[in-house]
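With chain A held as given, fit chain B onto it using these hints.
Here the protein sequences line up with chains A and B, keeping their order. The first sequence: position 62 = 62 (this note's numbering), numbered continuously. The second sequence: position 66 = 1066 (this note's numbering), numbered continuously.
No lab work stands behind these hints: they were computed from the structure. Source: prediction; values computed, not measured. It is possible that some hints are incorrect.
As the list claims (entries may be wrong) - Among chain A residues calculated to face chain B with C-beta under 8 angstroms, some are: (1) D15; (2) N17; (3) I19; (4) R21; (5) R22; (6) L77; (7) A90; (8) D91; (9) T94; (10) A95; (11) G102; (12) G105; (13) K109; (14) F111; (15) T112.
Stated by the list, open to error - The list that follows gives simulated cross-link-like pairs (lysine-lysine, DSS-like), each with its CA atoms no further than 25 angstroms apart: (16) A:K49 with A:K9; (17) A:K9 with A:K78; (18) A:K92 with B:K1105; (19) A:K92 with B:K1055; (20) A:K49 with A:K78.
Cβ atoms here follow ideal geometry from the backbone N, Cα and C, with glycine treated the same way.
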Amino acid sequence: MDGRVATLKMMIVDDSNIIRRRIERSQQIDRLEVVGSASNGVEAVELFKRTDPDVVTMDLTMPEMDGIECVERLVALKPSVLILVVSALADKATAVEAIERGANGFLCKPFTDRQLNGALEELLGGR
Amino acid sequence: MFRESELRIFIDGALRVFETLTSQAATVGSPYLVTDGKPGTYEYAGVIDISGIRKGIVYFTAPRGMLTVLLMRMQETDTSEENMRDLVGEVANTISGNARRDLGKGFVISVPNVVSNPADGVAMPHSRSFVIPINWRTHAAKLVVCLQ
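Only chain A is shown next, with the shape it has when bound in the complex (with noise of 0.2 angstroms):
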């Protein structure tokens, strides 16, 4: 072991794009590399495949193929891959509900930079 941690990709996930890049601006985690963006959920899953992320940040309300169906794909194409849910939508059974599709976190819009690196540092957990 040389104490170094591996980089993990990342992948965000929104229709906005003011959102998506204040989330690569925003985000401050050093082993985290952006690998691209998706404004809807049939992008993701082709993004998904060519660049096969460690980590997603999916939105939810999205054209074409919503936020949760897309969880549900990238979970089927791998299994390890952690995905925040970052959404407005601010039920805790829409939360509940991403969660049992194979999210592991939950940020609710709007949202601080503390708040998104929080909610990431939290989703890394260990790894």
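Positioned in the frame of chain A, the structure of chain B alone reads:
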């Protein structure tokens, strides 16, 4: 029937968005009722269709000047037309989505439909709307709630 008491949900949501995204608090003026179906818009409006337990629309409308400063406060350097439209839609989406904390999962929201410089305003599904005036820095915007 949408109750006036439920306006608090949307007022709190609007204040939370401004405070969280910009670290600068907004204030709201006295909400008022419009009964002729035309609450008016600024240059951009992000419209969310509501279905499920409630039917209607919620829209956030703001002038270019406010959206430009909002983007800058969010450390966003790209103040293009595309990002103006994106932001007004995202604010509408966030306020509407947050309303599910109180109204539950049956309050179903669409993806944002953004209109800019709408000549005839936003098409209203009902004649009765509540307008929540929002003031932030020197700028004014409106949140319009038109629900059965």
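Hint by hint, here is what the structure shows:
1. D15: 6 angstroms, holds
2. N17: 5 angstroms, holds
3. I19: 6 angstroms, holds
4. R21: Since chain B brings a Cβ to about 7 angstroms from A:R21, closer than 8 angstroms, the hint holds.
5. R22: 6 angstroms, holds
6. L77: 24 angstroms, violated
7. A90: With a minimum Cβ separation of about 4 angstroms from chain B (threshold 8 angstroms), the hint on A:A90 holds.
8. D91: The hint holds - A:D91 has a Cβ within 8 angstroms of chain B, the shortest such distance being about 4 angstroms.
9. T94: 6 angstroms, holds
10. A95: 10 angstroms, violated
11. G102: With Cβ-Cβ at 19 angstroms, over 8 angstroms, it is violated.
12. G105: Violated, about 17 angstroms.
13. K109: 5 angstroms, holds
14. F111: At 7 angstroms from the nearest chain B Cβ, A:F111 passes the 8 angstroms test, so the hint holds.
15. T112: This hint holds: A:T112 lies near chain B, its Cβ roughly 6 angstroms from the closest one there, short of 8 angstroms.
16. A:K49 with A:K9: Holds, at about 13 angstroms.
17. A:K9 with A:K78: Status holds; Cα separation ~13 angstroms.
18. A:K92 with B:K1105: 8 angstroms, holds
19. A:K92 with B:K1055: Given that 25 angstroms is the threshold and the Cα spacing comes to 21 angstroms, the pair holds.
20. A:K49 with A:K78: Cα-Cα ~10 angstroms, so holds.
Checked against the numbered hints given earlier, the structure breaks hints 6, 10, 11 and 12 and satisfies all the rest.
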